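Peer 1: Spelled out from the first residue to the last, the chains are:
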Amino acid sequence: MSDQVALMTRGLIKSYGRVQALRGLDLEVKRGEIFGFLGPNGAGKTTTIRCMLDMIRPQGGTIRVLDLDPQADPVAVRARTGYLPGELQVDPNMTVEGALRYFNALRGNKVDWGFVRQVAARLDLDLEPVIKNLSHGNKQKVGVVQALMHRPQLLLLDEPTLGLDPLMQREVLRLITEAKANGATAFFSSHIMSEVEAVAERVAIIRQGVVVEVAEPSTLINRALRRAHVRFKQPVDTSPLANVPGVTVLSQDDGTSVLLQVEGEMDGLIKALAAFPVSGFETERPSLEEIFLAYYEDDQKEE
Amino acid sequence: MMTVFRYTLRRFRGQILGWGIALALLVVLIVSMYDMIAAEQEQFAELMEIYPAEISAFMGDISTFGTPEGWVSIEFFSYMPLILGIFGVLMGSGLLVSNEENGTLDLIMAHPVSRTALFMGRLLAFVTATVAILVITWLGFIVSMTWSSMDIGWGRIWLPLLSLLAELLLFGTISLFLSMLLPSRRLAATTTGLLLVASFFITGLAKLNEDLEAVAKLSPLNYYQAQDAFHALNGVWLAGLLGSAVVFAALAWWRFQRRDIRVGGEGSWRLPSLARLIRRA
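Residue numbers (the working numbering), protein chains in the order written: chain V, 1 to 303; chain P, 1 to 281.
Accuracy of the hints is not assured; some may be wrong.
Chain V regions said to be covered by chain P (calculated; three or more residues, Cβ under 8 Å) [to be verified]:
hint	region
1	49-58
2	65-73
3	101-111
Quick caveat, the hints were computed from the structure, so don't treat them as lab data. None of these values were measured; they are calculated from a predicted model. Note that the Cβ used here is the ideal one computed from N, Cα and C, for glycine as well.
Throw the hints in and build the complete structure from the sequences for me.
Peer 2: Right under this line is the structure:
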C-alpha cells in the first residue's frame, strides 16, 4: 500500500447469516482527502466502517487503514482514528465533560483540553449537563467533539451531521475541512447529498455491498442528465431538436418554449438552437442527490 | 485496562453499596437476635426436633441452631448463594453485553483499547465489586458482634465468605461466558439463573435422596461450604470453584476476542422465521 493511501479495501466480504452486507468491496481513499461514502440504508456503509475499526470481522478480503491491518493491530488503528458512529450512544448518566474525560482517559490522557473546549464552544455545546438530558442534536455534538478532540490522522464519520440544525451542520463541515487542512483524511458516509457535494473531493456510491462508482462530485454531476428550458421569441417547430444526439423533448407548449433533457455535452444542442429565435435559455444542474437516486432507482429496476 | 477498571467500578458503586449495606443490615439483625436464641436454647432445641429433615437438607444442620456458627449458617449462609447469586448472574451477563445492547460499546471500542484490556478491566471490576460487597457484609458481622454475645472471631467469619465468593465468581463467569455465546443478555442471565436455582435444589435434595448424589456432584453448590467452613474449609473444593471460574472467564475472553460487536439491541439465532417456512411450504 502506498504512503499516499489512507484507506484501502480489496474484495471485502461480510455476511450476517444469510444477509450479505459486503460482496467484495473495493475502495481506496488518499491521504489528506475528504471522501464521501453514499448509499441507501443497508447498502453496507456502516459495515465497511466497522470493519475498518475491527469491531466486526470480514469473512474475506483485505483492509489497510493508515498502512495498518485493523485485525492485527486494532489499537494502533484506533489511536490514529476518530470515529463517530451512525447511532451514537454514550453512557446516559455521565455529564458531557465526564464522558469526554473518560474518552480522553481511554486515549491515555493525551488530549489538549483547551482544544476540546474550543470545539465544544464552536458547536455551542455545554459541558455541564448530564448526557441523558441532552437533545439528539446535542448528543451528536458530543460525538463530533470526541471524534475530533485528539486531532486524529483519520476521521471515520458515519452520518456526522445527523440531527444537527443547518448552522451546526455547516460548522461540523467546517471542522472537517479544517482537519483536512491540518493533514487529516476524512471518510464520511451521509444521506445529505448537499453536504457531500460541498466538502467531498471524491465520492463512492455503494450499492448492495459493492462500490458502483467512485468519482469527483463534479464529474458525476457533469456526466449526468441535465434539463434545459428554452424560450422562443415566436412559436416555432421544435421537432428538429429531438433529432439532436443526446437530447429528448420532455414537454413543449404552444411552440414558444420547450423542456429538454440533455445527456452528456451541451455542444450539439447549443449549435442546433443557433437556428432558432431564442429569447431565453436555462439549464438545471442536477444535484448529487438526483444522481444518487438515479443509481438507486436503477438498482430497484434491476430487482 | 486500569481506565476501564476504574470506570466500571465507578459504575458499580450503587450496586456495591446497595447490596453491601442491605446484607450488612441483615447480618446485624441476625447477630442481634442470637442473644435471644442463646437464652432460650432449650426451648429452641425442642422445637428443632420436630422440624422435618427437608429443612436440614436445605438450611444445614439445625441441631446446631444454638451455636453461633450454626445460627449464622442457617440464618444467613445457607441461602446466600441463591440471593447473592442473582447479583453475580446479572453482573456477569451484563459485564460487556449490557453496553453492547444499549449501543455504548461501539464508541468505547473505537478507542485504543484492546479487547483483552477491555475484558480484563471489566472482569477485574466485577471481582472487586463482589469482594467489596462481602467486605461490607463482613463489617456487618464485626460491628454487630461488638454488642452481641456471639463471638466467632473476625478471621473465622471469612471462611464461609470465601466459599461464597468462589460460588459468586463461578456463577458470574458462567453468566459472562453464556452472554458471549447466546444472542442476548436476558437469555444468558435466565439460563444461568435457572442453573443456579437447579443447583440449589439438587444439592439440597441429594441429601434426602441418594439417587441424586451422582447428579449433585455436578452441581456447583455441592461444593459450597457454609457451616462446614467454620470447622475446616475444604481447600480443594474452594480451589475447584475458583479454578472453574477461571476456566469460564478464559472461555468468555476467547469468545469475546473472536466475535463481532453488535451496534445495539439484542442479537438473534438467525434461524429462518416460522412465517417464512410456512410460506415456503
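Peer 1: Would you mind marking each hint as holding or not holding in the structure?
Peer 2: How the hints compare with the structure:
1. Counting residues of the region 49-58 of chain V whose C-beta sits closer than 8 Å to any C-beta of chain P gives 5, which meets the bar of three, so the coverage hint holds.
2. Here's how the region 65-73 of chain V fares: 0 of its residues keep a CB closer than 8 Å to some CB of chain P, so the rule of at least three is not met and the hint is violated.
3. Only when three residues or more bring their CB closer than 8 Å to a CB of chain P does the claim for the region 101-111 of chain V stand; here the count is 6, and the claim holds.
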